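J.: Each chain is listed here by its residues.
2 protein chains.
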Amino acid sequence: MAEMMTAAVEFAQKNRVRFVDELKALLRIPSVSTLPEHVGDVRRAAEFVAAELERIGMENVRLIETSTDERVIADASGHALLVPARHGHPLVYADWLHVEGGPTVLCYGHYDVQPAEPLDEWKSPPFEPTERDGNIYARGAVDDKGQMWMHVKALESLFVAGGGKLPVNVRVIVEGEEEVGGEGIARFVREHGDELKADVALVSDTEMFAPELPTLCVGLRGMIYTEIEVRGARTDLHSGMYGGAAPNPFVALAQVIAKLKDDEGKILIPGFCDKVAKPTADELKAWKALPFDEEHYRETEVGSVTLTGEPGYSVLERTWARPTLDVHGMPGGFIGAGAKTVIPARALAKVSMRLVPDMTPAESFAKYKAYVESIVPKGVELQVRMIHSGDPIVVSTDNAYVKAATEAMHEVFGKETVFVRGGGSIPIVGDFVRELKIPTVMMGFGLPDDNLHAPNEKFHLANFHRGIESIVRFLSGVGA
Amino acid sequence: MAEMMTAAVEFAQKNRVRFVDELKALLRIPSVSTLPEHVGDVRRAAEFVAAELERIGMENVRLIETSTDERVIADASGHALLVPARHGHPLVYADWLHVEGGPTVLCYGHYDVQPAEPLDEWKSPPFEPTERDGNIYARGAVDDKGQMWMHVKALESLFVAGGGKLPVNVRVIVEGEEEVGGEGIARFVREHGDELKADVALVSDTEMFAPELPTLCVGLRGMIYTEIEVRGARTDLHSGMYGGAAPNPFVALAQVIAKLKDDEGKILIPGFCDKVAKPTADELKAWKALPFDEEHYRETEVGSVTLTGEPGYSVLERTWARPTLDVHGMPGGFIGAGAKTVIPARALAKVSMRLVPDMTPAESFAKYKAYVESIVPKGVELQVRMIHSGDPIVVSTDNAYVKAATEAMHEVFGKETVFVRGGGSIPIVGDFVRELKIPTVMMGFGLPDDNLHAPNEKFHLANFHRGIESIVRFLSGVGA
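So the protein sequences, as listed, match chains V and A. Just so we're aligned: the first sequence equals residues 850 to 1329 in the numbering used here. Just so we're aligned: the second sequence equals residues 850 to 1329 in the numbering used here.
Don't read these hints as lab results, they were simulated from the structure. Values in this document were obtained by computation on a predicted structure and should not be read as measured data. Mixed in with the good hints, there may be bad ones.
Same chains, same label: a pair holds when it works inside one copy or across any pair of copies.
Dumping the calculated BS3-like pairs for lysine-lysine here, alpha-carbon to alpha-carbon at most 30 angstroms [as the list claims (entries may be wrong)]:
#1 1227 / 1216
#2 1108 / 1218
#3 1137 / 1227
#4 1286 / 1216
#5 1218 / 1115
#6 1124 / 1216
#7 1227 / 1134
#8 1227 / 1127
#9 1127 / 1046
#10 1127 / 1115
#11 1108 / 1227
#12 1124 / 1227
#13 1227 / 1115
#14 1216 / 1108
#15 1137 / 1264
#16 873 / 1127
#17 1286 / 873
Please model the entire structure based on the sequences and the hints provided.
T.: Dropping the structure here:
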């Protein structure tokens, strides 16, 4: 077994250039799951991944269609028609289950990406992967195509080293809707959990706490992503003629948003924070020991004049263990250059909240919606909609899989692994806990300055290769 | 003189169809002055107007170029280059000055239009003028191409009736920057006032108080149109990883905007309303006598659940004689369909304020800017910019020109003329007062439901023709 692992690591080292070239081909596919015009690209990315899983020796490779939601409309003659309201992107499934009596690892990743806008801030085109200073720049480089590809390449290396065999049973599930809420995989896990039966899940969609510091993520925030729509006048009006009598939807939204958080960042929704579980004393102590300099973080990662957030909590507590609320965009009205004196008939705010244990999306949304509906400004009508949500989770560190992961990374990096939480959401990890009753090892190789969801997203190539080696060692360790 | 007037009115009546066809040709030119891609269209509209003024018999017809602002940038080899920062759109000038010792009327209009967005709310394309129910629908139909064309057609009718002569000296000045602040004409009036020497200006860019009710506008609100730009983090950030530590520019803007007006609509900027002159008791009494039903207005014109605005003032006072503040759009972040969990690095708010006598744009902007800068939320940097401005004005009704206008409209409509104010801004009227020392007769033929600056802008064709006849009679009256 140790020989097979060593041979797999050697194979991976010899094939570095090809592995990166293949990743580049995948990154060239603009699989932006939230934009309807990229439906075909998203499918191409799924087919690309499936073909490679087939080639390296995985079995039962198939695309699993997720349902496309439909809604009823009336056609010209009044008959009901079903039309697509949401495009479902396929799951990619594969397995290799020939180690009788051995454990099964479920490898999860996603092949879809965030939109690349604003395009003019990219130094090289988002879908033309470019190497600079030891990094590969492209939308999806680290989130999550690059990290998902590590899994595939670790499996390939093990297959070659093992003469067509793996040291452990493996199932692979790769989704194409992670950036739009992951409804398809959530439903599949709920309804077909037996087809994903495993002992542990491996997710590489998180980051290292610092360069060279092997990191396991053992907690994630959940989220609710919402839209508030405000309607005032029936049609757009001229602010000269109607200013002083017609309601202004943007002013109304501003009044609502200003009442969601206080000036310090504390959320004002009644009862919203009631269920927040404080991190354990041990956890807080460990976080204090991490190499973290608030001023360095402010300057290099955020770049704002000061940091914001609730007083009395450290930055790590605020981003890992406290609920937060952000506004992402306010569509409506006139946004071109110059001046247009319009009072728009409607305006929207895209508002999301991050949740922490033991909050739930349903209860949090209910409190938020009730509060917003209780502060509707005069003259406007208001609608609150949930776009998607994910549970917050904490993973127990007390099992053999986390230990195997810790050891694997220690071998590769030569350093003790640190345990952290993540501020972002990976809803599937909650689904694995709830539906499959399995823990997840979150072994991620991104860096804090990798520009996730922002222009100039990158992946440090050394970490891509170290990730492959870590996963080879982890899978071998679980199988041992 | 009376004969010439009658002949002119008859000529106008016989040529109704042609007059409307010509207007349609002008409306087909998308002369949107605020959008750089329409620079060529704006010029085509100017040339169209100039050609017609020449054809009907006006003299000294010319385009007057307004300067294009430039800014300095560096070229590839580091040399300074001047590039256009703002395209100046030409003025169209013409005159006919052969009534020795007679008064001179300065006819003003504008050939530029507002952007047509949102396009999907138009029932017929904005630049394909369409007749429905006695109206002509197109962007610019009433604001101001249709009303400016009334002037041209009144002059043509008088020329034909007078055998090549007019009853009064006339200068025509038509601008192409009214919808973007009118900088070019303001500078021309300031620096070349002698070339526009006149006794009275005629402006048809206002509306009738009600259908069939001849109306003269004797007061206008001024305005300041501004942008607030808020910058937080250096680059767009992921709200999962940074939510709770990174400032959110939209939340900051919401906090600022919520402090600009109270929940009732009262402006909270310190000292902003200090110089507001109350309308006279006579004016208030006359406004109360106007046929105005607040509930009908709410339902048919605004369409919101309730009206908004300062308590203690009627709708007419709130829209004619009180300062107001509106937000027109909030560019930045993610505005597409679906979800993107970005904390944008920057966001903007387009905010304008309407001013009333005796406020001034400069003083109002200074107070606004100082106040906004005093309430900058934590963690963000903020810039306040003036985009453009216009003086509020009140015109004295106590002169021969207003009387001539009153009489002309009385003849055409068979009803007493009412005196109102307008809530919108026509900055040029202030410039005429300040620089040329002449009063302006604001004789407009729009209707309250003409959808100025909104989708489905229209002009009632009966009013187009009555406008031409009213102007024929007014010019004849002034010349008598």
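J.: Hints the structure violates: just list their numbers, smallest first.
T.: Those not satisfied are hints 9, 16, 17.
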